[in-house]
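2 protein chains.
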Amino acid sequence: MPLTADWIALDWGTSNMRAWAMGADNSVLARGDSAKGMGQLSPSEFEPALLDIVEQWLDIQRVTPVIGCGMVGARQGWIEAEYAKTPTPPIATAPTRAPAADRRISVFILPGVSQSAPPDVMRGEETQIAGYVAAHGTSGILCLPGTHSKWVEIADGRIARFRTAMTGEIFALLAEKSVLRHSVGTGEWSNDGFASGVSEALGDPEIVTKLFSIRAGSLLEGTSPQASRSRLSGLLIGSELAGTIDYWRGKEVALIGASQLSTLYRKALAIAGVSARLFDAEEMTLAGLCAARAALEDAQ
Amino acid sequence: MPLTADWIALDWGTSNMRAWAMGADNSVLARGDSAKGMGQLSPSEFEPALLDIVEQWLDIQRVTPVIGCGMVGARQGWIEAEYAKTPTPPIATAPTRAPAADRRISVFILPGVSQSAPPDVMRGEETQIAGYVAAHGTSGILCLPGTHSKWVEIADGRIARFRTAMTGEIFALLAEKSVLRHSVGTGEWSNDGFASGVSEALGDPEIVTKLFSIRAGSLLEGTSPQASRSRLSGLLIGSELAGTIDYWRGKEVALIGASQLSTLYRKALAIAGVSARLFDAEEMTLAGLCAARAALEDAQ
Numbered sequence: 487m488p489l490t491a492d493w494i495a496l497d498w499g500t501s502n503m504r505a506w507a508m509g510a511d512n513s514v515l516a517r518g519d520s521a522k523g524m525g526q527l528s529p530s531e532f533e534p535a536l537l538d539i540v541e542q543w544l545d546i547q548r549v550t551p552v553i554g555c556g557m558v559g560a561r562q563g564w565i566e567a568e569y570a571k572t573p574t575p576p577i578a579t580a581p582t583r584a585p586a587a588d589r590r591i592s593v594f595i596l597p598g599v600s601q602s603a604p605p606d607v608m609r610g611e612e613t614q615i616a617g618y619v620a621a622h623g624t625s626g627i628l629c630l631p632g633t634h635s636k637w638v639e640i641a642d643g644r645i646a647r648f649r650t651a652m653t654g655e656i657f658a659l660l661a662e663k664s665v666l667r668h669s670v671g672t673g674e675w676s677n678d679g680f681a682s683g684v685s686e687a688l689g690d691p692e693i694v695t696k697l698f699s700i701r702a703g704s705l706l707e708g709t710s711p712q713a714s715r716s717r718l719s720g721l722l723i724g725s726e727l728a729g730t731i732d733y734w735r736g737k738e739v740a741l742i743g744a745s746q747l748s749t750l751y752r753k754a755l756a757i758a759g760v761s762a763r764l765f766d767a768e769e770m771t772l773a774g775l776c777a778a779r780a781a782l783e784d785a786q
Numbered sequence: 487m488p489l490t491a492d493w494i495a496l497d498w499g500t501s502n503m504r505a506w507a508m509g510a511d512n513s514v515l516a517r518g519d520s521a522k523g524m525g526q527l528s529p530s531e532f533e534p535a536l537l538d539i540v541e542q543w544l545d546i547q548r549v550t551p552v553i554g555c556g557m558v559g560a561r562q563g564w565i566e567a568e569y570a571k572t573p574t575p576p577i578a579t580a581p582t583r584a585p586a587a588d589r590r591i592s593v594f595i596l597p598g599v600s601q602s603a604p605p606d607v608m609r610g611e612e613t614q615i616a617g618y619v620a621a622h623g624t625s626g627i628l629c630l631p632g633t634h635s636k637w638v639e640i641a642d643g644r645i646a647r648f649r650t651a652m653t654g655e656i657f658a659l660l661a662e663k664s665v666l667r668h669s670v671g672t673g674e675w676s677n678d679g680f681a682s683g684v685s686e687a688l689g690d691p692e693i694v695t696k697l698f699s700i701r702a703g704s705l706l707e708g709t710s711p712q713a714s715r716s717r718l719s720g721l722l723i724g725s726e727l728a729g730t731i732d733y734w735r736g737k738e739v740a741l742i743g744a745s746q747l748s749t750l751y752r753k754a755l756a757i758a759g760v761s762a763r764l765f766d767a768e769e770m771t772l773a774g775l776c777a778a779r780a781a782l783e784d785a786q
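If you read the sequences in order, they're chains A and B. Whatever position you read off the first sequence (first residue = 1), add 486 for my numbering. Whatever position you read off the second sequence (first residue = 1), add 486 for my numbering.
Don't read these hints as lab results, they were simulated from the structure. Hints are supplied without guarantee of correctness; some may be wrong.
Since the list can't tell identical chains apart, any single copy or any two copies may satisfy a pair.
What the hints assert, rightly or not - Result set (SDA-like, lysine to any residue): computed pairs, CA atoms no more than 25 Å apart in a straight line: (1) Lys663 x Gln526; (2) Lys571 x Leu706; (3) Lys571 x Ser704; (4) Lys663 x Ser528; (5) Lys737 x Asp690; (6) Lys737 x Leu782; (7) Lys753 x Ser530; (8) Lys522 x Asp538; (9) Lys663 x His622.
Please build the complete structure, drawing on both the sequences and the hints.
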């Protein structure tokens with residue numbers, strides 16, 4: 487007998503989609519991945535792209551709820567799920583129903599979170615934050631490293647404030663598209679190079695006049711590609727830490743992300759004298775979607 | 487009778503080539519441009535690309551000297567012209583002879599300048615600096631804004647120290663390739679947006695956690711593309727100024743560059759309370775190449 491899902495959890499971002507077939511007890515029965523991120527689809531392709539992955543889990547006899555988060559709820563996504571404004575619980579309002587032609591699914595999209603001063607937005611991270619709040623605590627400092635890292639202060643189960651750092655995107659642009667691409671490798675890592683970059687940027691977070699020294703160091707001193715790449719990463723993460731010092735100073739930080747990147751952030755925070763605990767991003771996403779599913783059932 | 491050059495001045499960078507037919511009195515008889523920059527040519531294409539532009543100015547009866555500067559002298563260029571080390575006169579050593587098959591030309595490439603601490607290099611700008619020193623003064627603070635801006639302290643006719651800021655390249659990457667491309671326009675300019683970015687970064691030069699507010703501001707507040715673009719430019723130039731304060735504080739700055747960009751830098755410096763004079767980049771390049779030509783004649 488083929489597997490059927492009680493409900494489907496969905497994390498649909500700009501560059502990829504992940505879906506999980508969930509049991510009634512919130513156990514994960516199966517999972518699916520797709521490279522069809524929001525960024526490359528036109529509106530008519532959203533529903534077929536979802537069905538490609540989840541159709542195998544549907545029961546023809548009933549309507550299966552799909553609870554989704556991420557850029558799927560952006561203005562250019564399937565349907566806009568309006569932002570909840572800080573201070574706010576991570577999942578504040580009812581999800582938005584997305585129009586689906588297939589009668590076997592009913593698709594709900596969770597809202598993102600916005601902040602007016604300074605202006606900032608998130609979509610998807612609020613669900614991981616909801617998972618953290620449900621499982622680990624109603625206050626604390628969270629950092630979700632990634633293409634666009636998020637720093638979040640949680641108080642009384644609410645997102646009190648947050649800040650986005652474009653660290654991951656800037657790193658990729660500099661390492662792949664700028665003149666520094668000639669100097670930074672893709673291979674091994676240098677802990678010393680990373681640590682020196684972090685320390686330098688913690689002391690002086692201005693990077694515009696520092697980055698070219700990576701290129702010059704490789705030209706004049708033969709600095710290795712690994713050391714150059716690690717120093718670039720250290721300078722950017724160090725600069726991010728300098729810009730978020732009002733979040734982490736004197737605190738412990740909960741890092742929610744991919745383990746390799748979270749480990750780097752933990753090293754950088756250790757240089758700043760701050761300890762951090764690591765939490766798995768997928769686990770937090772699922773915990774958040776389970777909390778949203780429970781809230782939806784209560785409301786129905 | 488076709489025009490013939492006494493000598494040829496050449497500025498050959500990564501993305502384009504400019505050449506001038508010069509009279510014996512250093513008057514400009516003609517000029518030529520080519521989009522064939524070093525970055526897109528293989529070694530066998532260097533001489534033909536040069537001849538495409540300058541052949542019309544050659545006299546079959548004699549050998550015409552070509553004096554060149556820029557990335558043509560890099561390791562990946564026509565021939566490597568080794569760096570002179572700071573402190574150094576902007577044109578310190580004899581130019582390097584490049585191998586040319588055509589007997590009508592004899593090609594000389596000027597050396598770049600390097601610095602060991604912090605490591606830094608320039609190629610091409612030293613010639614503009616030589617032009618400034620020859621025509622305008624043997625001491626002062628120079629800024630050459632561009633893809634890679636150079637800040638230079640001149641003392642006793644020598645380059646005492648310099649620093650490169652990747653401002654122009656970072657701006658282009660963020661405006662064209664990052665998520666900010668959705669928010670920054672290409673059209674009109676906002677002086678207020680620029681000034682607020684400059685002031686913000688002069689006060690706190692960390693940009694990694696500030697840039698995303700440009701995206702969020704356009705999403706949440708409908709900030710115009712012009713204001714967003716101008717603020718991005720202001721944040722980056724303000725950060726550059728914060729990183730070079732030990733050059734310009736309490737000084738007047740000589741700006742050598744394209745007039746539109748130099749005018750922006752003058753505005754940014756004015757916000758920091760510093761005055762600046764503008765000098766035309768092409769004029770300085772030619773003055774530098776003329777000085778190199780005179781030195782070469784003296785040596786022969």
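Structure-based check of each hint:
no.	hint	in the structure
1	Lys663 x Gln526	both (21 Å within a copy, 15 Å between copies)
2	Lys571 x Leu706	between (51 Å within a copy, 11 Å between copies)
3	Lys571 x Ser704	between (46 Å within a copy, 16 Å between copies)
4	Lys663 x Ser528	between (27 Å within a copy, 20 Å between copies)
5	Lys737 x Asp690	both (21 Å within a copy, 23 Å between copies)
6	Lys737 x Leu782	neither (34 Å within a copy, 65 Å between copies)
7	Lys753 x Ser530	neither (44 Å within a copy, 48 Å between copies)
8	Lys522 x Asp538	within (10 Å within a copy, 48 Å between copies)
9	Lys663 x His622	neither (40 Å within a copy, 37 Å between copies)
Violated hints, listed in ascending order, are 6, 7 and 9; each of the other numbered hints is respected by the structure.
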